Amino acid sequence: EIFGPVLVMIPYDDEAQGIDIANDTPYGLAAYVASGDPARARRVAARLRAGSVRINGGQVDLSMPFGGYRASGNGRENGAHGLAEYLEVKAVTV
Numbered sequence: 001e002i003f004g005p006v007l008v009m010i011p012y013d014d015e016a017q018g019i020d021i022a023n024d025t026p027y028g029l030a031a032y033v034a035s036g037d038p039a040r041a042r043r044v045a046a047r048l049r050a051g052s053v054r055i056n057g058g059q060v061d062l063s064m065p066f067g068g069y070r071a072s073g074n075g076r077e078n079g080a081h082g083l084a085e086y087l088e089v090k091a092v093t094v
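Using the numbering used here, you'd call the opening residue of the sequence shown number 1 and step up by one each time.
Hints listed in this document are in silico derivations from the structure and should not be mistaken for laboratory results.
The structure displayed is predicted, hence computed values, not measured ones.
Hints may contain errors.
Okay, the calculated beta carbon distance ranges per label pair [as the list claims (entries may be wrong)]: (1) G4 / I55: 18 to 26 angstroms; (2) F3 / G58: 34 to 42 angstroms; (3) R47 / F3: 20 to 28 angstroms; (4) M64 / V8: 44 to 52 angstroms.
Glycine included, each C-beta is placed from N, C-alpha and C at the ideal position.
Based on the provided sequences and hints, a complete structural model is requested.
Listed below in structure tokens is the structure:
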């Protein structure tokens, strides 16, 4: 997994093939979608297997959970999901 600014451009024939290419990796830390069609961008983002997806350079908020999928996955940081990583659920009855 490369941690640095890298731009890879791979041609694809249709949206489904583009998504398949993007998901064809053991990693899934982050993905980015650039599109002039907001509905299409959200549809593509929903199908990408990544811990975070930014559309058209969307802003990052510190309350957003951060962490990847698959080989990039090591739990979540930030937000309610990050806090949950430090908690253990217990039921107590009297």
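Against the structure, the hints:
no., hint, in the structure
1, G4 / I55: 18 to 26 angstroms, "22 angstroms, holds"
2, F3 / G58: 34 to 42 angstroms, "20 angstroms, violated"
3, R47 / F3: 20 to 28 angstroms, "24 angstroms, holds"
4, M64 / V8: 44 to 52 angstroms, "24 angstroms, violated"
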